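Participant: Residue numbers (my numbering), protein chains in the order written: chain A, 57 to 677; chain B, 8 to 360.
If you are wondering where the hints come from, they were derived from the structure by calculation, not from laboratory data. Owing to the predicted nature of the structure, the values given are computational and were not obtained by experimental measurement.
Simulated crosslink set (DSSO-like; lysine-lysine; CA at most 27 angstroms straight-line):
no.: 1; chain 1: A; residue 1: 480; chain 2: B; residue 2: 322
no.: 2; chain 1: B; residue 1: 80; chain 2: A; residue 2: 456
no.: 3; chain 1: B; residue 1: 96; chain 2: A; residue 2: 492
no.: 4; chain 1: B; residue 1: 63; chain 2: A; residue 2: 456
no.: 5; chain 1: A; residue 1: 191; chain 2: A; residue 2: 233
no.: 6; chain 1: B; residue 1: 322; chain 2: A; residue 2: 337
This is what each chain is made of:
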Amino acid sequence: MRSTLSGSRLGGALGRSALVLCVAGLSFGVVGQAAALDIPGVVWETNDTDPPIGDPSAAKGGTFYDYITSYPLTLRLVGPNSNDAFAGWNRSFSMNMSLILRHPTTDRYIPCMATHWSIQPDHKTVYYKLDPDAKWSDGQPVTADDYLFTNEMMRSEHIVDPYYNQYWADHFEAVEKLDDYTIKIVGLYESWRPMEDFGMFPLPRHSTQLGPDWVEQANLVPGVVQGPYVISEAVSGQYVVFSRIKGWWGEDKRYFKGMYNVDKIHLKVISDVNAAFDFFKKGEISHYTVTSARRWATELDFPAVKNGWVHKKRLFVDWPQGLYGFAMNLEQPIFRNKDFRKAIQYTFDFDELNNKLMFGAYYRMASCFEGSEYTNPRLKPYGFDPRKAREHLRAAGFTKRGRDGIFVDEYGQRAAFTFTYGSKSLERHFTVVKQKFRRLGIDMVLQLLEPGTAFERGLERQYELTLMSRTTNFYPSPKQYFGSVFKKTTNNNNIWSFGTARTDSLIDIFEKDMDRGNRIRAMAAIDSIVQDEAFYVPFWRGPYIRFLYWDYVRWPAFYLPKRTEQYLDWQVFWVDEARNTRLAEAMKNGTSLGEDLEVDADPYGVKARLESGDNTSVLGQ
Amino acid sequence: MWKFQLDPVTAKRFQRFRRIKRGYIALLVLATLTGLSLFADFIANRRAIFVWHQGKAYFPTFTFHTMAEFGQKDEFGFDDLEADYVTLKATLKEKGGGFVVMPIVPHDPYEPDFNYPEPPPNPPDSRHLFGTDSQGRDVFARLLYGFRISIFFALSLVLVGQTIGTTIGALQGFLAGKFDLFSQRFIEIWSSLPFLYVVIVISTFVRPSFWMLVVILGMFQWIGITFYMRTEVYREKTREYALAARSFGASRRQLIFRHLLPNCITPLVTFTPFAVVAAISTLTGLDYLGFGLPAPTPSWGEMIDQALQSENRTKIWLAIAPFSALLLTLFLVTLIGESIREAFDPKQYARYE
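Could you build all of it, start to finish, from the sequences and the hints given here?
Facilitator: What follows is the structure, given as structure tokens:
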């Protein structure tokens with residue numbers, strides 16, 4: 057899957073995607089108010105009443121084993137090659153902690169590097185009081201200067217990172233130091249989420265030699281970090297070990313209690329996910345995320361599972377899904393006809409694919425903002441309905457069947473189009489779809505291209521039907537997909553060439569209106585319009601994390617916070633040494649610990665909600 | 008037109024080939040299989056071969072008949088979908104009023120069969136003797152149609168390639184001089200292009216069709232044979248019979264096609280079977296990599312790709328079918344090639360010490 061303009065790099069820029077914040081229009085039930093500390097007119101806010109993110113009773117210590125698919129090309133988090141899978145771990149464990157967090161379960165702001173904040177009425181300026189306890193891994197304090205340095209460094213050409221350069225140029229007007237522990241950040245535009253749009257992480261001025269050779273120099277040197285882990289060992293091509301800093305400054309902070317529990321995280325390089333599964337079965341890694349529905353359904357009855365040595369869990373989480381489905385090109389004659397588009401919607405048989413090819417593991421999407429609070433809850437997917445499909449085909453002029461069984465209209469035009477895609481692994485789904493279409497009189501010609509070319513064909517609108525697949529941030533970004541300004545040009549995410557004055561004004565409300573209710577209503581309207589225009593056939597999603605772990609790994613009762621995209625977003629697990637001994641004993645004697653039969657975990661009611669046909673995500677609790 | 012007369016030596020060689028049992032039998036088997044594959048639509052198909060329904064005869068193999076024509080309806084009440092001949096056969100058997108002749112294997116290589124409790128691929132059983140693939144399609148049907156495509160692709164490609172190659176090689180040898188010099192340099196450059204990559208690059212822009220693939224691969228296929236034809240013609244044109252023909256006033260065309268080529272046929276005949284082997288392997292390889300014929304064309308490469316998917320590693324029938332078919336075909340062609348080579352070997356009675 058290609059990430060978009062709002063892909064994983066943005067997450068990096070703001071901390072990490074799961075740590076990114078939040079809604080200004082949100083009401084803060086329990087926000088503590090401190091007295092104005094030193095700036096006149098500034099009312100400081102904080103939050104010291106939400107529950108901790110993890111389980112405070114978690115034990116510290118032990119080693120956790122996992123894998124990465126390739127050895128990192130660099131240990132930097134900025135500059136060339138700094139966005140691979142390892143960087144995800146690196147960000148998550150050691151660096152890029154943002155000023156404040158959005159609590160991943162309650163959705164409210166909580167302190168992180170800053171203890172207090174104050175959003176100004178201009179919707180651009182935010183004041184922060186930094187935590188005076190915060191220390192770099194070399195013992196130096198984290199101060200306002202480090203934020204000024206971030207602002208300098210991210211704009212510098214020495215980092216050879218056009219993405220960050222551009223991001224900074226597009227978002228920040230100024231970063232000012234008021235005293236050593238107070239800063240002011242001014243954004244370039246009004247925003248209803250200024251702490252998210254203009255969020256920042258510190259970089260250590262005292263240990264960075266920013267210059268033309270910085271990229272080279274910092275390449276393989278573990279950086280000085282503010283997070284709880286440092287890279288303690290790295291053997292090229294084999295493994296990387298993160299070690300927890302003894303007496304890390306954040307250890308006793310309210311929201312970090314019960315997080316970052318294990319002493320060592322050992323990341324083995326295993327290039328193939330299937331091989332990694334075998335490593336897991338041998339007990340060489342502690343945890344394994346199962347991405348294949350077939351594996352989940354058919355390969356997880358190995359003895360260790362039966363003996364209760366390994367647990368399997370399907371945890372339902374509440375994280376938005378991006379756009380994923382068929383996209384029709386409205387510039388192509390055949391898809392200019394709305395009835396034909398609707399005929400396609402009704403001919404697409406998700407249930408057959410899901411039940412016959414995917415073990416019934418997925419849920420159909422209906423909205424283009426699926427799983428976010430901006431989903432229109434009244435939207436229902438079209439669903440397979442050949443009768444309605446036929447009505448629309450007729451209305452589109454396709455009234456008689458040609459000699460090959462494909463419908464033709466009175467001008468001899470066939471109900472046929474080419475489907476351009478780059479995903480070979482989905483080809484078996486598409487051939488089944490093709491057969492279904494064919495039987496019902498529509499000819500879909502399959503055209504598999506090299507993934508990059510297929511992606512470009514989409515952006516350049518050189519296709520009739522294509523596969524749209526985009527990840528999303530916590531907040532949807534409708535403009536890049538539906539803004540009519542992008543119709544005039546190509547090479548953008550408005551790949552269907554859609555946009556009307558009406559949707560433009562609705563998008564404007566979403567981007568600028570400070571009232572959350574107005575924004576939600578506007579987005580619901582966009583959602584309905586897009587569904588009615590029928591140029592996007594949403595596919596499916598699995599709003600859960602399927603994972604396996606050995607018995608010595610323990611989790612809080614809720615496993616992971618509600619807003620979790622991947623399990624490493626929040627390190628709330630711990631290693632239980634007593635259970636480790638017990639497990640070793642049981643494995644030696646071949647005794648069973650009793651199979652864990654509770655596979656599904658739904659602490660946030662996501663599964664229950666989906667099965668009642670509700671696709672929305674509820675903000676807060 | 009010119010009369011292409013085999014010289015007696017070559018004719019003798021073909022007789023010798025017939026006497027090499029293994030090669031001759033392999034040729035017969037392969038020819039039979041190829042011939043049979045032409046009738047694949049009558050061997051494995053969802054459409055009936057013949058329907059006798061209410062006093063009317065139908066031959067639906069290549070034509071589309073709606074359900075309405077046989078009084079059928081699907082579960083949504085549509086009667087203009089394609090007729091379901093398997094059900095029709097059962098109904099007619101029960102109620103009379105006609106009969107249906109179905110192919111031996113009542114499956115085509117495209118339609119998924121989802122009438123199993125488990126998702127596909129499903130192991131071989133009485134309904135699908137070779138099992139179904141990961142889309143629920145009949146493996147035997149795909150194998151059969153895949154064979155037809157492979158073999159005819161290979162034959163077309165080799166025909167195109169060897170024709171061009173022979174012509175160019177012969178011209179080089181015959182004209183010699185500047186033409187030979189420059190065309191030989193061109194061939195050297197051209198042959199250094201890695202053809203597989205060229206095809207892959209082209210495939211990233213367009214999904215090639217059967218003939219397009221023949222043309223693209225044909226652009227590289229012809230090179231190999233030119234070297235042999237060139238040297239053969241170089242040698243043959245100085246022989247007395249060629250000089251004699253020339254002195255009798257034979258035209259260039261007559262000289263090349265009537266006199267020289269029949270005497271240069273040895274490399275062509277001996278290399279062609281191996282070119283077929285290479286062509287089949289190339290198509291299979293391209294399909295395996297996903298750069299060959301577009302889905303859902305039945306193809307051995309695609310079948311092998313499925314079989315090698317890690318999620319199918321326990322689905323052994325997916326691997327057995329295409330691998331044994333590929334093995335058998337290549338074995339047969341190689342046998343033929345070996346035998347031809349032996350039959351055409353001038354050192355028939357040579358002794359090595």
